[in-house]
Amino acid sequence: MKFGVIRFPGSCDEVDAQLACQRVGEAEILWHADRDLRGVDAVVVPGGFSYGDYLRAGAIARFAPVMVEVAEFARAGGLVLGICNGFQVLCEAGLLPGALLDNANLRFVFRQVSLVVVSSDSPFTRACEPDRPLSIPVKHMTGCYYAPPELLRGLQERDQVLLRYAPGHNPNGSLRDIAGVCNAARNVFGLMPHPEHAVDPLTGSIDGLAIFQSIRAAVADRLAV
Amino acid sequence: MPTVSPSDQRHRQLGLTDGEYALIVQQLGRHPRDTELAMLSLMWSEHCAYKHSRTTLRRLPTEGPAVLMGPGENAGVVDVGGGLGVAFKVESHNHPSAVEPFQGAATGVGGILRDIFAVGARPIAVLDSLRFGEPTSERSRYLLEQAVAGIAHYGNSVGVPTVGGEIYFEAAYEQNCLVNAMCLGLAPIGRLIRSAAAGPGNVLVLLGALTGRDGIGGASVLASAELGEGDAAKRPSVQIGDPFAEKKLLECSLELLESELLISLQDLGAAGLTSAASEMASGGGVGLDIDCDRVPLRELGLAPFEIMVSESQERMLCVVAPDRVAEVVAACERWETRATPIGEVTDSGRMRVRHAAELVADLPVSILVDDCPVYDLAPTEPVGVSLYPAPPATLAPDASAAETLLALLGSANLASRRLVYEQYDPIVQSRTVRRPDEADAAVLALPTGEALAVAIDGNGRRVACDPRAGAAEAVYECAANLTCVGATPLGLTNCLNFGNPEKPHVAWQLTEAVEGIAQACRALGVPVVGGNVSLYNEAPTDAIYPTPVIGMVGRLPDPARAGRLRFARAGDAIALVGPFAPTRAGSEVAKLSGHELAGPLPIMQTAAVRDAQDTVRTMVNAGALHNAHDIAEGGIGVALAECCVAGGIGARVALPAGLDPFAEALGQGFLVSGPDVALTGLAIIGRVGGDALELEGVLTVAVAELAAARDGGLARFL
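Protein chains in written order, with our numbering: chain W, 22 to 246; chain F, 3 to 720.
Treat the hints with care, since some could be wrong.
From the structure, some residues in chain W lie toward chain F, with a derived Cβ separation under 8 Å [unchecked claim]:
| hint | residue |
| --- | --- |
| 1 | G31 |
| 2 | D34 |
| 3 | G73 |
| 4 | L76 |
| 5 | R128 |
| 6 | R132 |
In case anyone wonders, no lab produced these hints; they're calculated from the structure.
Computed from a predicted model, the values in this text were never measured in an experiment.
All residues carry an ideal CB built from backbone N, CA and C; glycine is no exception.
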């Protein structure tokens, strides 16, 4: 299978994401200005500060030409993973519910956090063991997940919250410790922690691999059908 | 021959002496024009010409087997094997940070990044060395918070990890904070590029941001003369950073180099276009013609001297063959980065600047770069005077050893830096093998399978006590940090932060410190590949401690075995390695006790220290140890406590007879732990285990209490 990782001007973690994807499949970089996903099987919207993020995180990237294709790909059921800035972009694009606000303490935070897998019933978490927490780093300025109460209730009822920060590990003030949510169709997933920075024992944990392995398995199932 | 008119004092306001001005007039055979005077005043400044430090800096050894580029280029480069070079440099941004700490620190990072990609290397790591007044001062807390936020804003946004650094708080830095930033970059050796311009007829292309009136600095005297007082002259002269523009400029520059479109590349830093163009022309022995009308401006109406000295950020200058200009412009368009031909290389040996069809500057390149007079310092050792007031005592004279240890761990200088480093991204680019607080040096994996290690150090208080020994200690301390992760030093960069060198005692501090660095470099076989000098760090009321900051880069064979500082396993033996004979001179405990600064520092037993480094490095690389940590500020007591806190486990230790647990000798002693068999032949002083640190007959403190003291030290203030 082949992943496509988008590069906006200001993306920082696109090569890291490509390296992580290459541990389970092929991966190539997709240029923001091209309306072309080059036939990839899954799209990763990576971390960074797209277009500088001076206005509001993700607010400009959602208008990038490539995002037209990403939205179309998602509507057709294609798997889209948004990491950190990618999560912000997907929320701004309306492909994911809710919004990300500045961290509660108004400071950038880097920290290795523990995550609880709330649901392994998704193409992004199916390879995760339900009772085993994941150790994955966060690093962001704008990671406080927010949704109005009604939407929050709906997300929970529809099992769209896939990852939460473990008790005491919420680094940014996210409501209900939400670290990652998917859309109602369960084919678009955004998370603030960086699974691509948890794929090599030399540089940290390997708990992030399960996310990429999940995507690979889901794509393989689809291709097999 | 024209003479200096006594009524014309503009050169004085621009920082040139009457003698220097007379020399310019003599060399030119005429008075300089306004634009020329602005250019010359900056090129002849201490910052560009090193006129008070050049002679002293010649004492530093600059050659070694791994050196690919030495001082004089945008950054030094060492060979790390596998066809790869590592470029690195440290630079100061002290004065701007004291005026506007967020932008000052942010643009400090931006500037050092450009120095690195100017030689063709991709920046892979940033480190910062910061000095502020005591955190009890509101100004210091403001400077700290804003400087850290500025570094985070810039470094995080450009996708370069901030992997390490250091912060000290001393009253001497209350007015003049220090913000030094270091950057490392990685490049295939064949892709390294120098700044020397070449090939008359080739085109000079300006890349990146628009040119505005920011950072015009000393030349504002001309601005007021031309534009009316209270107008442009009073605009803030601190540059504003745009990390997004830098990120695009970085990617774009590296892409241009990869496509072999550039003949030479140079960043625009201090003195802007003037300095960049002069250095390129001088390096290549050519001339340059620049057309100011073609420089893209942020606002209308800039005078040519403003265009030539503007320090607007995120700009680079390159030389391109005429038939490749279109390709350069197209590649830059893809990255939404401006590329504008502004002039051409000539064989005239002159810097000629045109504006509105008029020749506004026509100077030999040599007068800009080579003819600034070099001054000999007049160093005099201050005898019988105390230069710095004794700090107020914060530790009771009858404090117990346990109370002293907790006070040290909670002191501003030794407390946990977690609140600071958590604001930086240390892992982007997926190379970081050892993160902050995991080891004494940052470790970055190389594509060759080996790894780099890097550390930055400089304790100004100890240099103030004894400039030669204190500066040497900083080199040894850096080497010790590299040793603890298993790395062999390849080279170092330094930033010399001092007061006014025209004062005899400052000249003495500077010459002694440089001598100390030179001696340590020779003893350890580590060349100096580049650096920066920041002088005149003084306010009317105080001068900083003499603060040489050393950044050292090393290489280790196996990143998986890189050392860690934490105690790991109950039952492990703990050994003390090295000729560790500390004293309380210049120590943290002396500061807390309110003692006046006084030397001498412990005498460095060079050969024995080198042997100790070899011993520890060999054991780390053999994978024989569970931890390695060098003994630095706070003495062996604090070093043991740090190992315990990091590992969440205690230790029981019998200190050698007469060893003061809080006395200091930097870079000379190591704590290592591991199975007994691994430590054969070493001086075993204790064992890992339990939930308290016990120094037999001295103190017992629970690890949780040590951790709370260390974690709370800065949190009290932020």
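Here is what the structure says about each hint:
1. Checking G31 of chain W against chain F by beta carbon gives a least distance of about 5 Å; that is within 8 Å, so the hint holds.
2. The interface hint given for D34 of chain W holds, since its Cβ lies 6 Å from the closest Cβ of chain F, which is under the 8 Å cut-off.
3. At its closest, the beta carbon of G73 of chain W sits 3 Å from a beta carbon of chain F; the interface hint therefore holds under the 8 Å criterion.
4. With a cut of 8 Å, the hint placing L76 of chain W at the interface with chain F is violated, because the nearest CB-to-CB distance is about 11 Å.
5. Interface restraint check for R128 of chain W: the shortest CB-CB distance to chain F comes to about 6 Å, inside 8 Å, so the restraint holds.
6. Given hint, R132 of chain W at the interface with chain F, holds; its Cβ is 6 Å from that chain's nearest Cβ, closer than 8 Å.
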